[in-house]
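Trainee: Construct the entire structure; sequences and hints are all you get.
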Amino acid sequence: NAGVTQTPKFQVLKTGQSMTLQCAQDMNHEYMSWYRQDPGMGLRLIHYSVGAGITDQGEVPNGYNVSRSTTEDFPLRLLSAAPSQTSVYFCASSPWGVGETQYFGPGTRLLVL
Amino acid sequence: SQQGEEDPQALSIQEGENATMNCSYKTSINNLQWYRQNSGRGLVHLILIRSNEREKHSGRLRVTLDTSKKSSSLLITASRAADTASYFCATDAGADGLTFGKGTHLIIQP
Chain A
1 NAGVTQTPKF QVLKTGQSMT LQCAQDMNHE YMSWYRQDPG MGLRLIHYSV
51 GAGITDQGEV PNGYNVSRST TEDFPLRLLS AAPSQTSVYF CASSPWGVGE
101 TQYFGPGTRL LVL
Chain B
1001 SQQGEEDPQA LSIQEGENAT MNCSYKTSIN NLQWYRQNSG RGLVHLILIR
1051 SNEREKHSGR LRVTLDTSKK SSSLLITASR AADTASYFCA TDAGADGLTF
1101 GKGTHLIIQP
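So the sequences go chain by chain: A and B.
If you use the numbering used here, the first sequence corresponds to residues 1 to 113, in order.
If you use the numbering used here, the second sequence corresponds to residues 1001 to 1110, in order.
It is worth saying that the hints were derived from the structure and are not from the lab.
Errors might be hidden in some of the hints.
[Said to hold, decoys possible] Here are the computed lysine to any residue pairs in the SDA-like style, where the Cα-Cα straight-line distance is at most 25 Å:
(1) A/K9 <-> B/S1086
(2) B/K1056 <-> A/P95
(3) B/K1102 <-> A/G58
(4) B/K1026 <-> A/V112
(5) A/K9 <-> B/N1038
(6) B/K1102 <-> A/P39
(7) B/K1070 <-> A/R44
(8) B/K1069 <-> A/V88
(9) B/K1102 <-> A/E100
(10) B/K1069 <-> A/V60
(11) B/K1102 <-> B/S1039
(12) B/K1026 <-> A/R44
(13) B/K1070 <-> A/E59
(14) A/K14 <-> B/G1040
(15) B/K1102 <-> A/G40
(16) B/K1026 <-> A/G58
(17) B/K1056 <-> A/S84
(18) A/K9 <-> B/S1039
(19) B/K1102 <-> A/K14
(20) A/K9 <-> B/G1040
(21) B/K1102 <-> A/S84
[As the list claims (entries may be wrong)] Chain B residues, not near chain A, derived (Cβ > 12 Å throughout):
(22) I1013
(23) T1020
(24) A1081
(25) T1084
(26) I1108
(27) Q1109
[To be verified] Chain B is nowhere near these chain A residues, computed Cβ spacing over 12 Å in every case:
(28) T20
(29) D26
(30) R44
(31) Q57
(32) L79
(33) A82
(34) S94
Since the structure is predicted, the reported quantities are computational estimates derived from the model, not experimental observations.
Glycine included, every Cβ here is placed at the ideal spot set by N, Cα and C.
Mentor: So this is what it looks like as structure tokens:
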């Protein structure tokens, strides 16, 4: 199993551009989530999904959209990038929910100029 | 909102010594998890301890949980250079996702 994969590994955007961060898992996990990690802030939840077709907002959802059309994929869209969205983004999955081991992807480092 | 707070923020010890880091949190939880993050990498799960458990072991790791004090500790025994990493506690308070602390950066000196 590849586990949780994320692409790209690194991206530079200009303010106002849009992009999609990809996340995929091959473990047939129902629960998937997106976090951002900023220096000195720990990880903060952006959006999460408890299964295909179901998504919901986390702590810091503004400026981001998600969809879950399949169990495997959970893309994160930046609608109009802002410098405040410069961060490292992690996708995670687990078999059914937050109360168990989360499997994290390697992260996407995003720089917004 | 920051639920868990690790202490200390940074810790440097000699190889072979034990490392202890602490986590305090604010609200009642269902479980508490510890994760390790090597520089520039994703997070790796270490241990999950449920609210009705007081202690758990996994190899060289020992985790305790005191729900009355809303605190947890992670002990790494006989530290190795490969243990150099950041360690995060994360709480499940029945919300939508885990709430992470800011982490303890552990350096093992050879």
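Trainee: So which hints don't hold here, by number, going up?
Mentor: 4, 8, 10, 17, 19, 30, 31 and 34
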